[in-house]
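With the sequences and hints as input, model every part of the structure.
Letter by letter, the chains look like this.
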Amino acid sequence: MRLGFFVNDVAAELSGYTTTRLAQTATNRGDEVWYFGAADFIYGADDVIYAHGTAAPKTKYKTHEAYLRDLQGSQAVRQRVTVDDLDVLMLRSDPSTDTGNRVWAQTAGITFGRVAKRRGVIVVNDPDCLLKAMNKMYFQHFPEEVRPRTLISRNRDDIKAFLSEMGGNAVIKPLQGSGGAGVFMAKVDDRSNINQMIDTLVREGYIIAQEYLPAAAEGDTRLFMMNGKPLRYKGKYAAFRRLRRGDDLRSNIHAGGSKEKAVITDSHLRLAEIVRPKLVQDGMFLVGLDIVGDKLMEINVFSPGGLGSAQQFERVNFNEAVITALERKVAYMGHYHRNFANEEMAML
Amino acid sequence: MRIGFFINDIETEKSGFTTLRLAMTAVNRGHEVWIIAAGDLAYDADEKIRAWARSTAGKKYKATSTYLKELKSSQARSERITVDDLDILMLRNDPALDTGNRPWAKTAGIIFGNVALRSGVVVLNDPTALAGALDKMYIQLLPKHIRPKTFISCDRKEIKDFIQELGGVAVLKGFQGSSSQEVFLVTNENRANINQMIDAIVNFGYAIAQEYLPGAEQGSVRLFLVNGEPLRYKGKVAAFQWMRTGDGMRANIHAPGSTAAVKLTEAHYQIAETVRPRLVQDGMFLVGLEIVDDKLVDIDIFSPDGLVTAQSFEKVNFCEAVIKALERKVDYMAYYRRQFDNVDMATL
Chain A
4 MRLGFFVNDV AAELSGYTTT RLAQTATNRG DEVWYFGAAD FIYGADDVIY
54 AHGTAAPKTK YKTHEAYLRD LQGSQAVRQR VTVDDLDVLM LRSDPSTDTG
104 NRVWAQTAGI TFGRVAKRRG VIVVNDPDCL LKAMNKMYFQ HFPEEVRPRT
154 LISRNRDDIK AFLSEMGGNA VIKPLQGSGG AGVFMAKVDD RSNINQMIDT
204 LVREGYIIAQ EYLPAAAEGD TRLFMMNGKP LRYKGKYAAF RRLRRGDDLR
254 SNIHAGGSKE KAVITDSHLR LAEIVRPKLV QDGMFLVGLD IVGDKLMEIN
304 VFSPGGLGSA QQFERVNFNE AVITALERKV AYMGHYHRNF ANEEMAML
Chain B
1180 MRIGFFINDI ETEKSGFTTL RLAMTAVNRG HEVWIIAAGD LAYDADEKIR
1230 AWARSTAGKK YKATSTYLKE LKSSQARSER ITVDDLDILM LRNDPALDTG
1280 NRPWAKTAGI IFGNVALRSG VVVLNDPTAL AGALDKMYIQ LLPKHIRPKT
1330 FISCDRKEIK DFIQELGGVA VLKGFQGSSS QEVFLVTNEN RANINQMIDA
1380 IVNFGYAIAQ EYLPGAEQGS VRLFLVNGEP LRYKGKVAAF QWMRTGDGMR
1430 ANIHAPGSTA AVKLTEAHYQ IAETVRPRLV QDGMFLVGLE IVDDKLVDID
1480 IFSPDGLVTA QSFEKVNFCE AVIKALERKV DYMAYYRRQF DNVDMATL
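Protein chains in written order, with the working numbering: chain A, 4 to 351; chain B, 1180 to 1527.
Treat the hints as calculated values from the structure; they're not laboratory data. Just so you know, not all the hints are guaranteed correct.
As the list claims (entries may be wrong) - To be clear about the criterion: a stretch of chain A counts as covered by chain B if any three or more of its residues have a C-beta under 8 Å from a C-beta of chain B, and this derived list gives those stretches:
1. 47-58
2. 101-107
3. 116-129
4. 152-160
5. 316-329
6. 342-349
From a predicted model like this one, the values you see are computed outputs, not experimental measurements. Glycine included, C-beta positions come from ideal geometry on N, C-alpha and C.
What follows is the structure, encoded as structure tokens:
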């Protein structure tokens, strides 16, 4: 198949990224694999979508490190690719890292992906639904019982009233933007700092205040979902546990902290089952759930990372499961002459 | 009915704005009207959308200046209302005005509006489609024959090649930015500056280069569509001609220029007919088309302005027609107990 990976910036990719592992796996399986950065798309005068693509020169790579070295090296193949002719375009950029002068890059993949999907390219995750997920309100559209109690406002009194209601402890973070930046633990006995935290966040927009789950002190479980179901390959779940390091509230990978093997419980699987209908409706092919206790803390729909960590603990190649799933979609699309609703194909 | 108008900020509203005239018309027809600014929404812990909103005490207003003055004064009612209990929420903010300091404000109405849909509030224009129209790709998804020739890219050389193909004359503007900032007309005379013009745009994202239409010299025609069709009331169509006075390239009504009555042609109606299916599909209730020669150069779906201008030339109250169309939707929603797809209701 002809597969494109859309990333923030090809030169800034790291070998440990899930995207790199997926791309290497596809290359080794004989697929044609292209990388596109945020600035590489072209809407041509003939109404066709093109892109300046980058590809690794060889057809087999032993390691993802070697693959990325070649992709970023001087031997890499650089070519103007017709995006409309790709079989699959996988949107794997992380919008939260494109801030400041690069805010325009946050939506580039979605914007051009929305056109490509109308031309019969399978675009995952579905770009129209990713657009809705650009802010944390997306999470509030999942059933109430799987989420911590939440308030969203720019009004200081609203937020303080909520803190009191929650017994004094809550997590506050920006509604728009993510990545662990600007996430605060607000405590009632820390009155002097609460106003400052709120003011800092209000300058950037709306604030989410969220019930603090005591179990979060120990860390969380990341569980991958594919085609709306827990990603299971050769009897193993694609999951791992992230342990909190010291006082740092941000339990996501970028904030450091160690990892260990996850034990997937019935309560995890029940959560996965509850979010499934919405993921299917929205064409969310590959998603990472962050679970604390019996609640969902976050759903990463843009560029869920850590498939390599899951692989390390579970000893099966989950990348192969993902690429095989894409190949199956391409075969379906062939039978239907590239004429099938993208949101549905994304989950088949 | 209970209707909310979502705007950028009460301080920047002007008495000539279409939004204020619509609000005043609704008040005069006996409706409960609330004005909600971009920062005043909240998602409460009980999962309801609320807002700090303003309303006036009077029953009838002759001029929008009086109405606006009262809205801004201390006599205005300021209350925390439940947005979920409104019949209609009109999203009337202009995202272009919030590009600089308040990027979060651009999408606030869309984000909260999407949640209000759960309670059966009719949200117009449909927030999902609006989210996909924040950049200029929306117009590229309309049929080719009604658009000027267009090229979108970050690549300086490719942009120059396209302009060369057009004979050296083209309009150059930001793809994601507002309609009013950094619009250049590249000609064979100012070709020496082409690199600077491209840089001024590409440094902030994608550039859109477009065929220059000779008719743009004179200005453009603005035509309003309601429920996907030209807004016709008492035998008159809501439209007017905008004529450029200065040298500025900005062919929008906030730029220097004068207005006049317009005699619509078959070509204008043909364009309206061509965009109709997409507008209906997207739930676009109130839209402004910007037409030059027989091409659509812009489509304003966020906060189309100038209805009052059309009113002054055609001598009928188009605002009344818009409010009546909303009243009809509220009746429909009552028959169906607030259970009806928002996209479909938007153009019924």
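Status of each hint after checking the structure:
1. Chain B is given as covering the stretch 47-58 of chain A, and this holds because 4 residues of the stretch bring a CB closer than 8 Å to a CB of that chain, at least three being needed.
2. Counting residues of the stretch 101-107 of chain A whose CB lies closer than 8 Å to any CB of chain B gives 3, so the stated coverage by that chain holds, three being the minimum.
3. For a cut-off of 8 Å, the count of residues in the stretch 116-129 of chain A with a CB near a CB of chain B stands at 3, and the three-residue condition holds.
4. Check result for the stretch 152-160 of chain A against chain B: holds, 7 residues qualifying (beta carbon to beta carbon below 8 Å, three or more required).
5. Residues of the stretch 316-329 of chain A with a Cβ under 8 Å from some Cβ of chain B number 0, which does not satisfy the need for three, so the listed coverage is violated.
6. Interface restraint, the stretch 342-349 of chain A with chain B: violated (0 residues with C-beta to C-beta distance below 8 Å; minimum three).
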